[in-house]
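K.L.:
Protein chains in written order, with the working numbering: chain A, 1 to 346; chain B, 1001 to 1346; chain C, 2001 to 2346; chain D, 3001 to 3346.
Hints in this document: simulated from the structure, not taken from any laboratory.
All C-beta atoms in this analysis are idealised placements derived from N, C-alpha and C, irrespective of residue type, glycine included.
Check the hints yourself; a few may be wrong.
Stated by the list, open to error - DSS-like cross-link-like pairs, simulated, lysine-lysine; straight-line CA separation at most 27 Å:
id : chain 1 : residue 1 : chain 2 : residue 2
1  : A       : K203      : A       : K71
2  : A       : K62       : C       : K2062
3  : A       : K27       : C       : K2062
4  : D       : K3062     : B       : K1071
Said to hold, decoys possible - Chain B residues, not near chain C, derived (Cβ > 10 Å throughout):
id : residue
5  : P1045
6  : R1087
7  : T1135
Claimed, not checked - Residues from chain C that face chain B, not an exhaustive set, calculated with beta carbons under 8 Å:
id : residue
8  : I2240
9  : E2244
10 : D2252
11 : N2254
12 : L2280
13 : G2292
14 : A2333
What follows is each chain in one-letter form.
Number of protein chains: 4
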Amino acid sequence: MIVVMRPGATTMQINEVLDRLGTFNLKGELSQGEERVVIGVLGAPIPAGLGQALEALPGVEKTLRITAPYKLASREFHPLDTVVRVRDVEIGGNELVVMAGPCSVESRDQLLRTAEGVRERGAKLLRGGAYKPRTSPYAFRGLGEQGLELLAEARERTGLAIVTEVMTPADVPVVGQYTDVFQIGARNMQNYLLLEEVGRTDKPVLLKRGLAATIEEWLLAAEYIMAQGNRQVILCERGIRTFETATRNTFDLNAVALVKRLSHLPVIADPSHGTGKWYLVPPLSLAAIAAGADGLIVEVHPDPDRALSDGAQSLTLENFGRLMQQAQAVAQALGRSLTPEPLSTI
Amino acid sequence: MIVVMRPGATTMQINEVLDRLGTFNLKGELSQGEERVVIGVLGAPIPAGLGQALEALPGVEKTLRITAPYKLASREFHPLDTVVRVRDVEIGGNELVVMAGPCSVESRDQLLRTAEGVRERGAKLLRGGAYKPRTSPYAFRGLGEQGLELLAEARERTGLAIVTEVMTPADVPVVGQYTDVFQIGARNMQNYLLLEEVGRTDKPVLLKRGLAATIEEWLLAAEYIMAQGNRQVILCERGIRTFETATRNTFDLNAVALVKRLSHLPVIADPSHGTGKWYLVPPLSLAAIAAGADGLIVEVHPDPDRALSDGAQSLTLENFGRLMQQAQAVAQALGRSLTPEPLSTI
Amino acid sequence: MIVVMRPGATTMQINEVLDRLGTFNLKGELSQGEERVVIGVLGAPIPAGLGQALEALPGVEKTLRITAPYKLASREFHPLDTVVRVRDVEIGGNELVVMAGPCSVESRDQLLRTAEGVRERGAKLLRGGAYKPRTSPYAFRGLGEQGLELLAEARERTGLAIVTEVMTPADVPVVGQYTDVFQIGARNMQNYLLLEEVGRTDKPVLLKRGLAATIEEWLLAAEYIMAQGNRQVILCERGIRTFETATRNTFDLNAVALVKRLSHLPVIADPSHGTGKWYLVPPLSLAAIAAGADGLIVEVHPDPDRALSDGAQSLTLENFGRLMQQAQAVAQALGRSLTPEPLSTI
Amino acid sequence: MIVVMRPGATTMQINEVLDRLGTFNLKGELSQGEERVVIGVLGAPIPAGLGQALEALPGVEKTLRITAPYKLASREFHPLDTVVRVRDVEIGGNELVVMAGPCSVESRDQLLRTAEGVRERGAKLLRGGAYKPRTSPYAFRGLGEQGLELLAEARERTGLAIVTEVMTPADVPVVGQYTDVFQIGARNMQNYLLLEEVGRTDKPVLLKRGLAATIEEWLLAAEYIMAQGNRQVILCERGIRTFETATRNTFDLNAVALVKRLSHLPVIADPSHGTGKWYLVPPLSLAAIAAGADGLIVEVHPDPDRALSDGAQSLTLENFGRLMQQAQAVAQALGRSLTPEPLSTI
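With the hints as extra help, turn the sequences into a complete structure.
P.N.:
So, in structure tokens, the structure goes:
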């Protein structure tokens, strides 16, 4: 950390900074510039609130952090790529992984048709919400545990692993009984008690980026999970909120490429929420793969216009099938693989 | 709701929209423009997911919602101002209410000194965090129930009512044993299960706006609480996230004035989080009052540079006292009142 | 400037940074932390592109600038408030200054009625666009030089000074023949050739903040003007673009208060563009004054619903009159003055 | 356009809206909902300022535009893809086009080395700034006409066509003497007089998206050029400004895919400005191609760490060569072509 003093800061003010550093067993190294004094902080670890505390001291203009505030999620700490195993699927390896399914589990028929359809076309995991966060209290909010049971039945029939959202710490045990991967939704990215609760389980966690979360805050949220012992975190970029309203969110593929550099964790892209429009899902899926994503999570519904949620951004099975063929071609061009099942294996 | 068809939409596509509306007991009214057909939706209520479902139909370009999606929080539904009573304090009436105290409860001494100091200078409620959401897992996260006990002790000694944050549904009972007002933090504005849990209590709720929440989403979050029966919601503007990094957040005073028009609920402003810098707190506090806020919530610490959290945005007691004098002058200029206690009453 | 090396940066890479600094006559001071080397840059001035050049070197992680990149606009350079004189009006002194008038000059009758109306109610400058930047090529774009002539006539009849926009360097001479203050619009805040052209005149410049401009970029735009010799720059906050769409822009009053601290230049607030809704103009005008603005620029139209541009955000003369009374009360509460003319002086 | 009245709007207020529409030769069609009246506007064209004018009328809550405000740039108006021809290169056809070169023209040697290097590796156009907009008045701002001469010399030696920025209307003739394509920079996207000036020439225009421009505003800026007669507009996505500061801008690939649907104009992507970091340029270049871009514009410098501007985001020739190989593979996977020259042709 660097402490920048105001021009004209007094010796007493500088000494107060040095004293304060001393109470944390840190040392300050003065550097006298033309206009002002800058103090380099030596020693470790830097407490999380140090910058704010020093900025409250008289004579201090600002503090600048130099090292990333996360460790466990950082590639510096762990240079090799993490590969997360879910049943017999590896996420973060050379093969791309596609997760697909409806926004919400609505009925047995809807779910099984979708599960079989996406499996035939090459998906490896089935997504589907049993507990749904909705902006309006008057919208459909999922089937709850009945939805989890249907997901388990779909897994049994198709062999697909399951990823589904958990919304509150108290639900972690029941969701954990059914799911293979816990999904933490964008609105819950900074629900720290929930992060810690899944951090104490031994199941992989798909951590969606919050709508207004910086990349650093996203990796700190991963750190919350990992600090509890669970290192199987899969990051998921799903679009951020910006001034542009022509699309539901602004899909930030810069973040996909940058996070692969800053962290060892696998990164999945969600073009359905990232765009909000079904006709933008195929081009942006391919773009996410080209940017370096380790896979996709895509909303698919056999009948999108009758979906109880997110119909406008769901692909039909036919469109999903076409996308998988193109995704395979792009993956191969990049030296990675993605294997749509041959239809004959069904 | 208005359904805008694409130019060249076929009669079959238009009929499909009309049929779908029929399944919700709604009617469509066609209007044939120069270039395209527009369908007005008649009947009520409009289901929350209708727009998305219709946008998934072939031939539909977009849907436009005409009425606000919230009811209970809306001034149309409830034209008179709501006044929330907390002990003997009224929030939302002609008198402005100031809530003050430390970011976190750190110790008995710190809390009692602050409580007495802010009471002397005219605060009516004591704020203080016992459970703190922190971006980093390595930061100080509050004293928990011990902090709640200290708050209760401070209330007993000063007569100040208490407002403190609750972070998860399971904590609502314990926090409710101590606090007078539940605070829902910005990161939890869309933690719907938490909203519903406080909505089932009979204590007032201070609902902070999320960092990336639109005004509509904020009022929908209030609707979640109110739909459970608890109508005592106090809105709190605390800054939104924008591209500007010279301040911690962008304090949105447009929102204060607009929400007073859209809703009957009282609105409190939080210039400490809204700016992130103690020296901006006084001018922006006055600005919030001038924009129509019903009160302020301000971080005050007897020794900001030793605060375990948010020191950089905390006022000293002296600065808080000066602010209260100015706030009183501005309130009076606007025909409202704010009464700093005469120091002699202590 | 601080240069942060990557962990594991080699001595050769560090030497390359030091060599590069040497070519600019700067010195580097090494500081060996636990994990990485940090290089403090000593000497001045720091060339504007230095950070980018160093970040292209191998082994460099990032650079952090410590001093503000502007000088002439900085309060460090010029601690006392600048007061800009326009005819007999002082902007930036204790008395607040209100500029008012229509968005566009539309006709002689409209302009003269407005000018007389706002003068009677206490405005000191008349605003009005002769050249209008419009998002659509098909919108009304102003009367051009004829509009300037009407502004001059209005000045002659009312004694009000004039502020009007200049859109391109080639128009500076003709606009300068008529106006008292050049207005640089938000879209042109980084039209550097235009900034330099008005910087070579001896007339005050009202510099609006760009929709997506940081405070630093805004002050750098002022620096462009001042570097040409013209030090009479008046800053104008008019709202920034954010994700919130319920208002036209997000009026950033944090910026008003912060700029008063960072710079010696006067700051005017434009609540008409800052909110986009006439009914939000009064509360946000008062808020801007409370935040420390040195005055207001407000759109007023005798007949807003027949305005050729920006009708939705224009006040009627009656509403403007009421606002001026309230503004006077708030100004006095803050120890500043604002003097609506007594109506009898007309 | 739809006019939404407030609940309780009076018949007189409704009639006032209808009368006002009549003055524009438009008709209003009333639709009486449960809570309020909605008025559909029939007739065409809708004047650009109509919405704002109507919103100033008493009783009107808001207006909603239904049709896009641009025509010439719209795919509805012109369903087939526009292909822009620059010398013997086609932009917008099946073959992708890569433009490459330094941010600024710095010297004859730098430019010729780069031009030959990028030509050998498959670039079809040479980019390079002779006039540079810079945030700071103290930064290097280009060689001016001497830079244009060097670009012309480089064209003669390599056969590459030239694209270079023009910053102000008065410079259009001189830049037009040298360049093959006018570039309009992001800061000038709404410099309407400049747009019109290049709109009166017969040379193609590369129109960069503004940092805070919506897709609609960007297409309206294209409309400004096209309305003057010049239909050869090439759109260029270069990143938007958001809250994320880990990258220079947020590269909006949603916009690339959406604009291909809304408009017939070719779209080029600029990953150098879109990311600001050279190591993110290759993955995001590939992503842009996968999202449907018709080509790339990339900063390449033989010696990025000695570049006078934008060194941190410039590729070396070696990295550019590798990128071209990968880009070719991705293009082929998508059924498009991109042909790096065989090195032997040099």
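K.L.:
Give a verdict on every hint.
P.N.:
Do the hints match the structure? See the list:
| no. | hint | result |
| --- | --- | --- |
| 1 | A:K203 with A:K71 | holds, 21 Å |
| 2 | A:K62 with C:K2062 | holds, 18 Å |
| 3 | A:K27 with C:K2062 | holds, 23 Å |
| 4 | D:K3062 with B:K1071 | holds, 19 Å |
| 5 | P1045 | holds, 22 Å |
| 6 | R1087 | holds, 29 Å |
| 7 | T1135 | holds, 20 Å |
| 8 | I2240 | holds, 6 Å |
| 9 | E2244 | holds, 6 Å |
| 10 | D2252 | holds, 6 Å |
| 11 | N2254 | holds, 5 Å |
| 12 | L2280 | holds, 5 Å |
| 13 | G2292 | holds, 5 Å |
| 14 | A2333 | holds, 4 Å |
Of the numbered hints given earlier, the model fails none.
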